[in-house]
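*Asks:* Sequence:
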Amino acid sequence: MALLWRKALETGVDWQDTQHKELFERINRLMDAMLARKGKEEIVNLVKFLDTYVVTHFGAEDQAMAKLQYSGRNSHIAEHKNFKEQVAGIKKAIEAGVSLSVVIETQHSAVEWLTNHIGVVDKELGRFILEKTGQAKKSA
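Read in the numbering used here, the sequence shown has 1 at position 1, and its numbers run on one by one without any break.
Treat each hint with caution, since some may be false.
Using C-beta positions, here's what the derived DEER-type ranges look like [as the list claims (entries may be wrong)]:
| hint | residue 1 | residue 2 | range |
| --- | --- | --- | --- |
| 1 | A96 | D32 | 15 to 25 Å |
| 2 | A88 | N116 | 34 to 44 Å |
| 3 | E112 | E42 | 20 to 30 Å |
| 4 | N74 | Q135 | 36 to 46 Å |
| 5 | N116 | L68 | 15 to 25 Å |
| 6 | A96 | A36 | 24 to 34 Å |
When the alpha-carbon atoms are kept at most 20 Å apart in a straight line, the in silico SDA-like pairs for lysine to any residue are as follows [stated by the list, open to error]:
| hint | residue 1 | residue 2 |
| --- | --- | --- |
| 7 | K81 | L114 |
| 8 | K7 | N116 |
| 9 | K7 | W113 |
| 10 | K91 | R73 |
| 11 | K84 | L23 |
| 12 | K7 | A96 |
| 13 | K123 | I43 |
| 14 | K21 | N116 |
| 15 | K123 | I104 |
| 16 | K48 | S75 |
| 17 | K40 | E124 |
| 18 | K123 | D32 |
| 19 | K7 | E112 |
| 20 | K91 | Q69 |
| 21 | K84 | L68 |
| 22 | K40 | K91 |
| 23 | K92 | D32 |
| 24 | K84 | Q135 |
| 25 | K132 | D14 |
| 26 | K91 | I43 |
| 27 | K40 | K81 |
| 28 | K48 | K91 |
| 29 | K123 | F58 |
| 30 | K21 | L130 |
| 31 | K7 | E124 |
| 32 | K40 | E112 |
| 33 | K81 | S101 |
| 34 | K7 | G97 |
| 35 | K132 | K40 |
| 36 | K48 | E95 |
| 37 | K132 | R73 |
The hints are simulated quantities; they were obtained by calculation from the structure and are not laboratory data. For glycine and all other residues, C-beta sits at the position ideal for the given N, C-alpha and C.
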């Protein structure tokens with residue numbers, strides 16, 4: 001079960017949508033590598049990238065929230081912390097040896113978290129960013 005990007009997940013904030021799409025792509029690569037039982041080194045490299053990328057992406061969102069004084073910033077950051085912990089758990093599981101159960105658990109967690117977070121929490125943040133930066137679409 002791949003993570004599929006859908007238009008419904010778009011926030012309307014270009015940099016945010018671009019980063020979300022990249023995150024989906026990298027998680028799909030990780031899942032494919034694990035399912036194909038690729039070498040541990042390749043899988044570890046993908047997880048390292050994911051770990052770094054998540055920090056970069058979450059940092060960009062946090063910077064925007066701070067700059068624009070987003071009232072939901074603390075709860076948003078708490079959700080990011082939860083996902084970082086999931087990534088740390090994936091790293092530990094991989095170090096212990098990749099198994100099919102790890103692949104299934106990882107896919108389920110990633111799909112569930114990302115779909116909910118991006119589809120609800122980040123869309124709300126996106127609307128806020130667009131409104132605060134004067135880019136919100138006016139309804140007719």
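*Asks:* If a hint holds in the structure, say so; if it does not, say that too.
*Replies:* Consistency of the hints with the structure:
no.: 1; hint: A96 with D32: 15 to 25 Å; in the structure: 20 Å, holds
no.: 2; hint: A88 with N116: 34 to 44 Å; in the structure: 20 Å, violated
no.: 3; hint: E112 with E42: 20 to 30 Å; in the structure: 25 Å, holds
no.: 4; hint: N74 with Q135: 36 to 46 Å; in the structure: 25 Å, violated
no.: 5; hint: N116 with L68: 15 to 25 Å; in the structure: 23 Å, holds
no.: 6; hint: A96 with A36: 24 to 34 Å; in the structure: 19 Å, violated
no.: 7; hint: K81 with L114; in the structure: 13 Å, holds
no.: 8; hint: K7 with N116; in the structure: 14 Å, holds
no.: 9; hint: K7 with W113; in the structure: 17 Å, holds
no.: 10; hint: K91 with R73; in the structure: 27 Å, violated
no.: 11; hint: K84 with L23; in the structure: 13 Å, holds
no.: 12; hint: K7 with A96; in the structure: 37 Å, violated
no.: 13; hint: K123 with I43; in the structure: 30 Å, violated
no.: 14; hint: K21 with N116; in the structure: 15 Å, holds
no.: 15; hint: K123 with I104; in the structure: 27 Å, violated
no.: 16; hint: K48 with S75; in the structure: 26 Å, violated
no.: 17; hint: K40 with E124; in the structure: 38 Å, violated
no.: 18; hint: K123 with D32; in the structure: 28 Å, violated
no.: 19; hint: K7 with E112; in the structure: 17 Å, holds
no.: 20; hint: K91 with Q69; in the structure: 33 Å, violated
no.: 21; hint: K84 with L68; in the structure: 24 Å, violated
no.: 22; hint: K40 with K91; in the structure: 11 Å, holds
no.: 23; hint: K92 with D32; in the structure: 18 Å, holds
no.: 24; hint: K84 with Q135; in the structure: 30 Å, violated
no.: 25; hint: K132 with D14; in the structure: 15 Å, holds
no.: 26; hint: K91 with I43; in the structure: 9 Å, holds
no.: 27; hint: K40 with K81; in the structure: 26 Å, violated
no.: 28; hint: K48 with K91; in the structure: 8 Å, holds
no.: 29; hint: K123 with F58; in the structure: 14 Å, holds
no.: 30; hint: K21 with L130; in the structure: 19 Å, holds
no.: 31; hint: K7 with E124; in the structure: 15 Å, holds
no.: 32; hint: K40 with E112; in the structure: 25 Å, violated
no.: 33; hint: K81 with S101; in the structure: 24 Å, violated
no.: 34; hint: K7 with G97; in the structure: 36 Å, violated
no.: 35; hint: K132 with K40; in the structure: 45 Å, violated
no.: 36; hint: K48 with E95; in the structure: 12 Å, holds
no.: 37; hint: K132 with R73; in the structure: 15 Å, holds
Of the numbered hints given earlier, the model fails hints 2, 4, 6, 10, 12, 13, 15, 16, 17, 18, 20, 21, 24, 27, 32, 33, 34, 35; all others are met.
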